[in-house]
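> Now for the letters of each chain:
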Amino acid sequence: NAGVTQTPKFQVLKTGQSMTLQCAQDMNHNSMYWYRQDPGMGLRLIYYSASEGTTDKGEVPNGYNVSRLNKREFSLRLESAAPSQTSVYFCASNQGESYTFGSGTRLTVV
Amino acid sequence: GDSVTQMEGPVTLSEEAFLTINCTYTATGYPSLFWYVQYPGEGLQLLLKATKADDKGSNKGFEATYRKETTSFHLEKGSVQVSDSAVYFCALRDAGGTSYGKLTFGQGTILTVHP
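Just so you know, the sequences run in chain order A and B.
Under my numbering, the residue at position 16 of the first sequence is numbered 129, and the numbers go up by one with no gaps.
Under my numbering, the residue at position 58 of the second sequence is numbered 56, and the numbers go up by one with no gaps.
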């Protein structure tokens, strides 16, 4: 099925550990996004990539890095996880007005 | 910058009640407006959208009208069902003429419908 695939679905990290969240889309979309969802705060943009080879900071980029590996893949890396990064992370892609979201990664940092 | 404000929740209704979830926005350009729905444990799904002033988006009995004069995009449904229980997000996209566009979301409104 066409869409956005995120891995893993769940992850528990200890403070200071690193990890990479993977995202891939098969709709040939140019633009991809990483959001975090926290209770009462909606979804906030971490980083985005308007096209292959470009990335830009969103609203809450501190503590994160991204890589647009190719047109399909856009990964999010936490170099040194902190409890404040406990959240649900969503990847999305779009072409024009059509956005598709992944099913999310629930990350807990203890 | 762009911002979206939704009515505070949670909202609890009985089946067949009328639903309104308020949404207002601030944007520098002429944004497109969206309502997304998130069912428990799932990602976001587009519910409806409107791309210019006075457009009405509709889907599954839900409606919202793009009101430029009041900068609002309130979500309504005449008769809710238990299956409508979910989190609803209002969002805007200010593409500014580009082919991509970041979505800016409201804080989300939790809707619970009881039988």
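The hints are simulated quantities; they were obtained by calculation from the structure and are not laboratory data.
A quick note: this is a predicted structure, and the numbers were derived from the prediction, not measured.
Just to be clear, a hint being listed does not mean it is correct.
Claimed, not checked - Here are the simulated lysine-lysine pairs, DSBU-like style, with alpha carbons at most 35 Å apart: (1) B:66 x A:122; (2) A:170 x A:122; (3) A:184 x A:122; (4) A:127 x A:170; (5) B:75 x A:184; (6) B:50 x B:66; (7) A:127 x B:50; (8) B:50 x B:75; (9) A:184 x A:170; (10) A:184 x B:58; (11) A:127 x A:184; (12) B:75 x B:58; (13) B:50 x A:184; (14) B:54 x B:66; (15) B:75 x B:54; (16) B:54 x A:184; (17) A:127 x B:58; (18) B:50 x A:170.
> All hints, please: hold or fail.
Hints versus structure:
1. Restraint check: the Cα-Cα separation between residue 66 (chain B) and residue 122 (chain A) comes to about 39 Å, which exceeds 35 Å; the hinted pair is violated.
2. For the hint pairing residue 170 (chain A) with residue 122 (chain A), the CA-to-CA distance comes to about 24 Å; that is within 35 Å, so the pair holds.
3. A threshold of 35 Å between alpha carbons decides the hint, and for residue 184 (chain A) with residue 122 (chain A) the separation of about 22 Å falls inside it, so the pair holds.
4. For the proposed pair residue 127 (chain A) and residue 170 (chain A), the alpha carbon gap of about 25 Å is at most 35 Å, so the pair holds.
5. At most 35 Å may separate the alpha-carbon atoms for a hinted pair to count; residue 75 (chain B) and residue 184 (chain A) exceed this at roughly 39 Å.
6. For the hint pairing residue 50 (chain B) with residue 66 (chain B), the CA-to-CA distance comes to about 8 Å; that is within 35 Å, so the pair holds.
7. A hinted pair counts as satisfied when its Cα atoms are at most 35 Å apart, and residue 127 (chain A) with residue 50 (chain B) does not qualify at roughly 47 Å.
8. With a C-alpha separation of about 21 Å, the suggested pairing of residue 50 (chain B) with residue 75 (chain B) holds against the 35 Å cut-off.
9. Simply put, residue 184 (chain A) and residue 170 (chain A) have alpha-carbon atoms about 18 Å apart, close enough for the 35 Å limit, and the pair holds.
10. For the given pair, residue 184 (chain A) sits about 34 Å from residue 58 (chain B) by alpha-carbon distance, which is consistent with the 35 Å threshold.
11. With a C-alpha separation of about 32 Å, the suggested pairing of residue 127 (chain A) with residue 184 (chain A) holds against the 35 Å cut-off.
12. Of the supplied pair hints, the one linking residue 75 (chain B) and residue 58 (chain B) holds, its CA atoms being roughly 9 Å apart against a limit of 35 Å.
13. Restraint check for residue 50 (chain B) and residue 184 (chain A): satisfied, since their Cα atoms lie roughly 30 Å apart, inside the 35 Å limit.
14. The suggested pairing of residue 54 (chain B) with residue 66 (chain B) holds, with an alpha-carbon distance near 12 Å, which does not exceed 35 Å.
15. Distance hint between residue 75 (chain B) and residue 54 (chain B) is fulfilled; the C-alpha atoms sit about 13 Å from each other, no more than 35 Å.
16. Our distance criterion of 35 Å between C-alpha atoms is met by residue 54 (chain B) and residue 184 (chain A), whose separation comes to about 34 Å.
17. Using a Cα cut-off of 35 Å, the hinted pair residue 127 (chain A) and residue 58 (chain B) is violated, with the two alpha carbons roughly 43 Å apart.
18. A C-alpha spacing of about 28 Å is found between residue 50 (chain B) and residue 170 (chain A), which places the hinted pair at or below 35 Å, so the restraint holds.
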